[in-house]
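**Q** Residue numbers (the numbering used here), protein chains in the order written: chain A, 1 to 75; chain B, 101 to 175; chain C, 201 to 275; chain D, 301 to 375; chain E, 401 to 475; chain F, 501 to 575; chain G, 601 to 675.
Keep in mind that the hints were calculated from the coordinates and are not lab data. The reader is advised that the hints may include incorrect statements.
To be verified - Footprint (simulated), chain C over chain D, 3 or more residues, beta carbon under 8 Å:
| no. | region |
| --- | --- |
| 1 | 336-343 |
| 2 | 349-356 |
What the hints assert, rightly or not - Using 30 Å as the maximum straight-line C-alpha spacing, the simulated DSBU-like pairs for lysine-lysine come out as follows:
| no. | chain 1 | residue 1 | chain 2 | residue 2 |
| --- | --- | --- | --- | --- |
| 3 | G | K657 | F | K504 |
| 4 | C | K223 | F | K523 |
| 5 | C | K257 | D | K323 |
Glycine residues also receive a C-beta, built at the ideal position from the N, C-alpha and C atoms.
As a plain string of letters, each chain reads:
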Amino acid sequence: MPEKMPIKALEQQLNDIVSIKLKDQRIFRGRLTRCDMYMNLTLADAEELEEDQISAKYGQVLIRGNNILWIQIPE
Amino acid sequence: MPEKMPIKALEQQLNDIVSIKLKDQRIFRGRLTRCDMYMNLTLADAEELEEDQISAKYGQVLIRGNNILWIQIPE
Amino acid sequence: MPEKMPIKALEQQLNDIVSIKLKDQRIFRGRLTRCDMYMNLTLADAEELEEDQISAKYGQVLIRGNNILWIQIPE
Amino acid sequence: MPEKMPIKALEQQLNDIVSIKLKDQRIFRGRLTRCDMYMNLTLADAEELEEDQISAKYGQVLIRGNNILWIQIPE
Amino acid sequence: MPEKMPIKALEQQLNDIVSIKLKDQRIFRGRLTRCDMYMNLTLADAEELEEDQISAKYGQVLIRGNNILWIQIPE
Amino acid sequence: MPEKMPIKALEQQLNDIVSIKLKDQRIFRGRLTRCDMYMNLTLADAEELEEDQISAKYGQVLIRGNNILWIQIPE
Amino acid sequence: MPEKMPIKALEQQLNDIVSIKLKDQRIFRGRLTRCDMYMNLTLADAEELEEDQISAKYGQVLIRGNNILWIQIPE
């Protein structure tokens, strides 16, 4: 994949904390441990947030890429 | 599939207990017995949960991958 | 298809009674007579259930795989 | 296509009366005159039913396969 | 495309009046001037109907096939 | 692409004013400046309409084809 | 990709401010830093707007192309 592809920006965040908005409007926050070109990804220490409050803690979570609206990634 | 693919993290959980959130907001919990690259998977001793309560027991269940939001997997 | 594929677990149930949850939340129960890799399948003696009550009987039904949430299959 | 494919069960019903449930919960009933592997199909003498009552008559109708939930087919 | 394909039934209606139901429940009626295998099509003298009343007139309209539920075609 | 394809009717409207209905029921009106075979397209001087009133002006807009219901094109 | 493709109009805006409407009706505004042919893209200094008010600031955001309705791009 060329370096300038948007998905590459995600790959460069491996081991960083990211926030992920899903189509059901929930947000997951955790440490990015794996990702692929479909935006399937795994988080460690994953928390689910509703209206900025932590609503659940899940440990390791595999998120299916096609349900992702956006991913906030550190600069 | 390369070892670092997110879907590989699921394969490594064969025979472990996983929790699966579906698009209709229900959660399935059970022992992962099969999975493929589309996240189609089978659970043994599958339970359905609504608001953290067991709402049904199904024995063996085949879940269609494209309806999965996320999968909680043991670390 | 490799023997360990999830869809193989369905194929092994040909002629057994299965229950199928569709995206519109209805459940179909019947004898599995055909299936393919997209989870398209046919049931004989198909019944539709709403809240555990039989709401309709349809005889032979062809169900389109992409509308299936999950399939309960005997062990 | 192998004879045991689910879609083959539909092909064998050419010229028979079938009932088709669409994603918008309406049911079409008519004589199956054409079908393909995507479940695109044409009905002759097509009627639309709502709650078991005929709500409209359309003559010849082409139904797009991806909107079909299930098809009831004679045995 | 083989002559017996459902989509062929549409092609045979070029220059005839067809009615088209979209996923948003509106109906378009007009003279079919072009169509392709995805059911993308153009209508001339297109009218939009809501509850059997003409609600708008659009002249020439290009309709995207994947939003079509069904097409009523003359026999 | 053969001249009689529906998408060709769109291509012939480059630099003309078109109206586009999106799945969220909004209508965009503007001068068609680019289009491709997926109905991705750009409009110049784009206006958004709600119930026949201009609700916003956007200048140049790129619209994703898979959200389009239909396009009204001059004859 | 040919120069006249709609997606090319986006590529020409790299480093410019764009506004993006998502299927959940939110608008993101930010500096376009990467994009690909699926409209996956990254924004720097991304703000989320609801009814023309800034409702959140996210820094760098990766947006999944298939959730995009339209993109407003400077002329």
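**Q** Are the Cα atoms of K657 of chain G and K504 of chain F separated by 30 Å or less?
**A** Not satisfied, since the Cα-Cα distance of roughly 48 Å exceeds 30 Å.
**Q** Quick check: the region 349-356 of chain D, covered by chain C? Criterion 3+ residues, Cβ under 8 Å.
**A** With 0 residues close enough to chain C, the hint is violated.
**Q** Would you check the hint for K257 of chain C and K323 of chain D, treating anything up to 30 Å between C-alpha atoms as holding?
**A** Status holds; Cα separation ~19 Å.
**Q** Does K523 of chain F sit within 30 Å of K223 of chain C, going by the straight-line distance between their CA atoms?
**A** holds, 21 Å
**Q** If you count the residues of the region 336-343 of chain D with a beta-carbon closer than 8 Å to a beta-carbon of chain C, do you get 3 or more?
**A** violated (count 1)
Checked against the numbered hints given earlier, the structure breaks hints 1, 2 and 3 and satisfies all the rest.
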